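Asker: Each chain, letter by letter, is given below.
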Amino acid sequence: MLNLFMFNLPILAVALVIGLATGRWLFHRPRSP
Amino acid sequence: MSVWLKLLIGLLSALLCGWLAHGPLGQGEAFVARLESRANAVIINAELTQVRAIFSRSPLRRSVTLSGPADEFQREGQGEFPGLNDRIRSIPGIGVLSWQDRPVAPANGFPLIVETGLLVTIAFLIGIALGWVFFRPRRQGYL
Numbered sequence: 000m001l002n003l004f005m006f007n008l009p010i011l012a013v014a015l016v017i018g019l020a021t022g023r024w025l026f027h028r029p030r031s032p
Numbered sequence: 000m001s002v003w004l005k006l007l008i009g010l011l012s013a014l015l016c017g018w019l020a021h022g023p024l025g026q027g028e029a030f031v032a033r034l035e036s037r038a039n040a041v042i043i044n045a046e047l048t049q050v051r052a053i054f055s056r057s058p059l060r061r062s063v064t065l066s067g068p069a070d071e072f073q074r075e076g077q078g079e080f081p082g083l084n085d086r087i088r089s090i091p092g093i094g095v096l097s098w099q100d101r102p103v104a105p106a107n108g109f110p111l112i113v114e115t116g117l118l119v120t121i122a123f124l125i126g127i128a129l130g131w132v133f134f135r136p137r138r139q140g141y142l
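If you're matching them up, the sequences are chains A and B in order. When the letters of the first sequence are read in order and numbered with numbering that gives the first Met the number 0, they come out as residues 0 to 32. When the letters of the second sequence are read in order and numbered with numbering that gives the first Met the number 0, they come out as residues 0 to 142.
Just chain B, with the same shape it has in the complex:
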């Protein structure tokens, strides 16, 4: 079996596990749901009860679209007083932020499955490198 075929089999196995964790096991949905609840908590804290944070579910994305009435000061803040945009962006894991009445170009971030696949590929390649470190053929001594 060729080297490339073995690499491909290994990579596909790793990506399959990543897809299983993201989709059927619900890790992707759990991640986005956690971001959504944190974003809504920030909005409630800012006392903008008519503003909603919407995360794409098809496909799942870390990007958030805000909808509802909010003026420029409420959105951007001023000086040392942060607006809603900065508060939402400070949530760890949030992707691109946009408002429904002001669509952002270009498109709003990669699907979460693509980002997860990228991380899985990097972890797989690190594993290959460790495999080379530990299992590479070594010169046999004669003594």
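For reference, chain A alone in the conformation it holds in the complex:
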């Protein structure tokens, strides 16, 4: 499984970024003026 993880590292990085963007979409609250 570790070998599969290393082989798929680029796409897992993309999934991480998508997760990060989704997290920002979920949690970020713009500051009130």
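These aren't lab readings, by the way, just hints derived from the structure by calculation. Source: prediction; values computed, not measured. Watch out, some of these pointers could steer you wrong.
Part of the chain B face toward chain A, derived, beta carbon under 10 Å [stated by the list, open to error]:
id	residue
1	Ala13
2	Ile43
3	Ile127
Built from N, CA and C at the ideal position, the CB exists for glycine as well.
Fit chain B to the given chain A structure using the hints.
Answerer: Only chain B this time, still in chain A's reference frame:
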């Protein structure tokens, strides 16, 4: 838009990228082809030229089925001398090993797309956790 819907959209986007990489971009096939060439190299090294390593292509799996004539000693080895089974299993990334004349029960491992999807889901959830760490609402100071 509800929280769950946003999570679902994000997860489906990540899984779509994982599927694209696995299938149309050929990463899945490349991984299995690499395992196959390493397995065949081990077989050639063991001088068992009539033995073949077969990987399922539909669906793609990391599991290998060996076919051809090999006696018990050649398959299992003895003492400190490893047999073909141990040599093939030592290849990084190999899944379940079985011989064609001795099918293994239960079925031979998950399809590679399922394993890839699982890794993508874990990476996505780690990204969500990082998003919470970096973007969660913080109490505003008054000074």
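Asker: Please go over all the hints and tell whether each is borne out by the structure.
Answerer: Tested hints:
The interface hint given for B:Ala13 is met, as the beta carbon of that residue sits about 4 Å from the closest beta carbon of chain A, less than 10 Å. With a cut of 10 Å, the hint placing B:Ile43 at the interface with chain A is violated, because the nearest CB-to-CB distance is about 21 Å. The criterion of a C-beta within 10 Å of any C-beta in chain A is met by B:Ile127, whose closest approach is roughly 5 Å, and the hint holds.
This entry does not satisfy hint 2, going by the numbered hints stated previously; all others are met.
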